[in-house]
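Residue strings, one per chain:
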Amino acid sequence: MTITSTEPSVAALREALSSRIARGMRFAGLFAAHRNGGITLSAHAAGPDGIDTLESPLPPGAASYPALTPMIDAAFWYERVIHDETGLIPQGHPRLAPLIAPGRPEDHALPRHVAGYGLFTIPHGPVRSGVFESMEYLVETPGEAIPHLNMRIFYKHRGITARFAGLTVADGTLLAERAEGIASVAHALAYCHAVEAIAGCEVPVAAALLRVVHAELERIANHLDVALRLADAAGLAVATARFALHKERIMRLVGELCGSRFGRGVVVPGGVSAFARMRPAEILAAIGPLEKEVTADAELLMGTSSFLDRLRGTGPLSPDRAREHGALGPIGKASGYADDARRARPYDAYPLLSADPVGQRADGDAMARLRVRFDEAAEAFRLIPQALSHFPERTRLTLHTPCDPANGRAIGWAEAPQGEVLYDLTIEDGRIAHCQPRSASFHNLVLMHEVFAGDILTDFPFIEASFGLSVAGAALLWAALWFWAALWFWAALWFWAAL
Amino acid sequence: MSIWVLRGLRDGVVTTRWPRKPDQYADSWRGPAIVASGAATSEAVMAEGVELEWLCPTGAIEVIDQLRVDQGRCILCGRCIAARPDLFAWSAGATGPTAAAVVRPALVVPAQPETDQAVAAARTALARRTAALRRSVHVRHVDAGSDGSEEWEIQALLGPVYDVHRLGVFFTASPRHADVLLVTGAGTVGMSGPLRTTYEGMPDPKVVIAVGADAVSGGLLSDRLSGVAGSVPVDVWVPGSPPSPFALLNALLIATGRLGPGAGR
Numbered sequence: 001m002t003i004t005s006t007e008p009s010v011a012a013l014r015e016a017l018s019s020r021i022a023r024g025m026r027f028a029g030l031f032a033a034h035r036n037g038g039i040t041l042s043a044h045a046a047g048p049d050g051i052d053t054l055e056s057p058l059p060p061g062a063a064s065y066p067a068l069t070p071m072i073d074a075a076f077w078y079e080r081v082i083h084d085e086t087g088l089i090p091q092g093h094p095r096l097a098p099l100i101a102p103g104r105p106e107d108h109a110l111p112r113h114v115a116g117y118g119l120f121t122i123p124h125g126p127v128r129s130g131v132f133e134s135m136e137y138l139v140e141t142p143g144e145a146i147p148h149l150n151m152r153i154f155y156k157h158r159g160i161t162a163r164f165a166g167l168t169v170a171d172g173t174l175l176a177e178r179a180e181g182i183a184s185v186a187h188a189l190a191y192c193h194a195v196e197a198i199a200g201c202e203v204p205v206a207a208a209l210l211r212v213v214h215a216e217l218e219r220i221a222n223h224l225d226v227a228l229r230l231a232d233a234a235g236l237a238v239a240t241a242r243f244a245l246h247k248e249r250i251m252r253l254v255g256e257l258c259g260s261r262f263g264r265g266v267v268v269p270g271g272v273s274a275f276a277r278m279r280p281a282e283i284l285a286a287i288g289p290l291e292k293e294v295t296a297d298a299e300l301l302m303g304t305s306s307f308l309d310r311l312r313g314t315g316p317l318s319p320d321r322a323r324e325h326g327a328l329g330p331i332g333k334a335s336g337y338a339d340d341a342r343r344a345r346p347y348d349a350y351p352l353l354s355a356d357p358v359g360q361r362a363d364g365d366a367m368a369r370l371r372v373r374f375d376e377a378a379e380a381f382r383l384i385p386q387a388l389s390h391f392p393e394r395t396r397l398t399l400h401t402p403c404d405p406a407n408g409r410a411i412g413w414a415e416a417p418q419g420e421v422l423y424d425l426t427i428e429d430g431r432i433a434h435c436q437p438r439s440a441s442f443h444n445l446v447l448m449h450e451v452f453a454g455d456i457l458t459d460f461p462f463i464e465a466s467f468g469l470s471v472a473g474a475a476l477l478w479a480a481l482w483f484w485a486a487l488w489f490w491a492a493l494w495f496w497a498a499l
Numbered sequence: 001m002s003i004w005v006l007r008g009l010r011d012g013v014v015t016t017r018w019p020r021k022p023d024q025y026a027d028s029w030r031g032p033a034i035v036a037s038g039a040a041t042s043e044a045v046m047a048e049g050v051e052l053e054w055l056c057p058t059g060a061i062e063v064i065d066q067l068r069v070d071q072g073r074c075i076l077c078g079r080c081i082a083a084r085p086d087l088f089a090w091s092a093g094a095t096g097p098t099a100a101a102v103v104r105p106a107l108v109v110p111a112q113p114e115t116d117q118a119v120a121a122a123r124t125a126l127a128r129r130t131a132a133l134r135r136s137v138h139v140r141h142v143d144a145g146s147d148g149s150e151e152w153e154i155q156a157l158l159g160p161v162y163d164v165h166r167l168g169v170f171f172t173a174s175p176r177h178a179d180v181l182l183v184t185g186a187g188t189v190g191m192s193g194p195l196r197t198t199y200e201g202m203p204d205p206k207v208v209i210a211v212g213a214d215a216v217s218g219g220l221l222s223d224r225l226s227g228v229a230g231s232v233p234v235d236v237w238v239p240g241s242p243p244s245p246f247a248l249l250n251a252l253l254i255a256t257g258r259l260g261p262g263a264g265r
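Going down the list, the protein sequences come from chains X and F.
Numbered according to the working numbering, the first sequence spans residues 1 to 499.
Numbered according to the working numbering, the second sequence spans residues 1 to 265.
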């Protein structure tokens, strides 16, 4: 399933990785870890047969290595993280500013990348309602257009990778669920897939089906969240409330199934912890009306011209860039690049189920991204009844096989609502020696640099929400506030005129 | 646009009537673990001692003079309840005067006798401070390293089901307009400065609510992060991982003195 090859030098690793990418594989991550008494670089490339891991141990005492970024642009942020975590200098890296480690005082000064008359920088954050990475946007602007945007994500660095080391396998699941709280199920799945690959254990069918149900419910909730944020940014009060209602109903359904509104505690290595607390027929009865309402509201939203005007052509990501970067999830799909782990490298019960793949779109703008999300939600609504119909009729189902890996290393993956989640897990003597999670959010966020072609400040909330990466607290975004301020102003004026 | 108006009427009123009427969803909420009744001091428990403490991945179980659970550390994984249903149980209900604490030690159940006095003092101090807020409260949320789920639950307060606006609670962008600071997350190094600056930017009187096990104790990350109390003085502690939106509504009402003088444990 997974091939690990060791390259003699970083240059050889770079060549091997580049040739894989040239053959159509996707760059999926680059990390440095302390292994066997030295630092080892690991690069991942995703292809139809699995995920290849290429490794290169650095010579003892090495302080630098030739950077991969000049050849493989997508490694840009990964190498900054390597620099932050290990102090290694990737030589030839275009911009080695701190990304996840709070830097020196001078790093907190406002950088200026664009020069010209009247240009200034708007620091937006970190105290904004950021989500899983409380971040700061530095918007360089002459007043309206956004020629350059910088992002700082170090405020929220929690040291999850370091925390994994030394945990038991069972505790690792708990931490994986909290690595990205709104994609708990997907993270737990990716982690458990790695554990199961090391232990070589087989997940029972009923457990694999229940995993699909939870993963797809999580997808629906996340996509509804993006829809509500976009509607909120456009000031569509009713649409915002409608999607918030649907999202709440999905979360309550998840809570009813397993006791946690985020599906936590369901996925465990070797299967699932317990059967859903509702019968398949009851789940179906709950899903049916929800699907109808979501579909109706999605159709109405995609027919509201004042809303679509804000999305059409906003924040375009070109198909070439999406392919080159290996854009994940809905962002890739909206730009004509689909590498959906559920189909490309299927896991759990997905091979048993058939749903029409979500159509790719080539527009790459915020509207295409929202359409992809609605398509994915509709697909999830089709997948859940299918999964439920496959449940064996017996009353006592096997939901869990023993899964106690002793030693080994494996890559696990799962398709989160944001895109592919990757876990590179090493277990020694039954405990986690090293675990490197890679969320789709991290991989995709850097693309925000590139989508502001001709867009202005008021497009910002739409672009951010359409990325769907920072998911919570959108109520405090600028445009929404401006809109409400304007609305209240006109309402006050109208009342005054009426008097 | 007119279609949206009709669409908005489709499901009728979906907003909860809580706190004026009890809400079934809030009452059936499964909260942090508690010690099952009668199990706290038995001799068998004392003999097991450290074995019981090892059950918990966040160290919420302590056996010193008796068996106690620190709800501020509980991440609701349910491991202790699955292993020892005779000793541990889920707490029930998301709301009520005792769903949030006004002093940190009160989250340890069963409570130490000496916390009663501290609780009474904290209640009085809080009530005196928040008397001026009355029925218009503005809230600023700061995320100090959460996993993102607490933000979803806070955001749900603005939705039609919980709708904080009906209680006179509004979210504000500027700390200058805020009376209440809702803090989530384990308290990362990078956020300690911005969190402090936000707190100092708020006018007096102000109230700080720590939301969730991460903010209270650092949760699973408590080996190096210890919550937000090191950066800002916390007034109300809300356990849960993440807490229910009802628990957040409840905490907002406790913080502003609207659940009565005896609210907050």
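Careful, some of the hints might be misleading.
Unchecked claim - Some chain F residues flagged as far from chain X (calculated, every beta-carbon gap over 12 Å):
id, residue
1, 5
2, 9
3, 30
4, 68
5, 111
6, 114
7, 132
8, 135
9, 186
10, 193
11, 201
12, 218
13, 220
To be verified - From the structure, some residues in chain F lie toward chain X, with a derived Cβ separation under 8 Å:
id, residue
14, 57
15, 147
16, 190
If you're looking for bench data, these hints aren't it; they were derived computationally from the structure.
Quick reminder that beta carbons are idealized off the backbone N, C-alpha and C, glycines included.
Each hint, compared with the structure:
no.: 1; hint: 5; in the structure: 7 Å, violated
no.: 2; hint: 9; in the structure: 9 Å, violated
no.: 3; hint: 30; in the structure: 6 Å, violated
no.: 4; hint: 68; in the structure: 21 Å, holds
no.: 5; hint: 111; in the structure: 26 Å, holds
no.: 6; hint: 114; in the structure: 33 Å, holds
no.: 7; hint: 132; in the structure: 25 Å, holds
no.: 8; hint: 135; in the structure: 20 Å, holds
no.: 9; hint: 186; in the structure: 6 Å, violated
no.: 10; hint: 193; in the structure: 9 Å, violated
no.: 11; hint: 201; in the structure: 9 Å, violated
no.: 12; hint: 218; in the structure: 10 Å, violated
no.: 13; hint: 220; in the structure: 5 Å, violated
no.: 14; hint: 57; in the structure: 5 Å, holds
no.: 15; hint: 147; in the structure: 3 Å, holds
no.: 16; hint: 190; in the structure: 4 Å, holds
Violated hints for the displayed structure, listed by number in ascending order: 1, 2, 3, 9, 10, 11, 12, 13.
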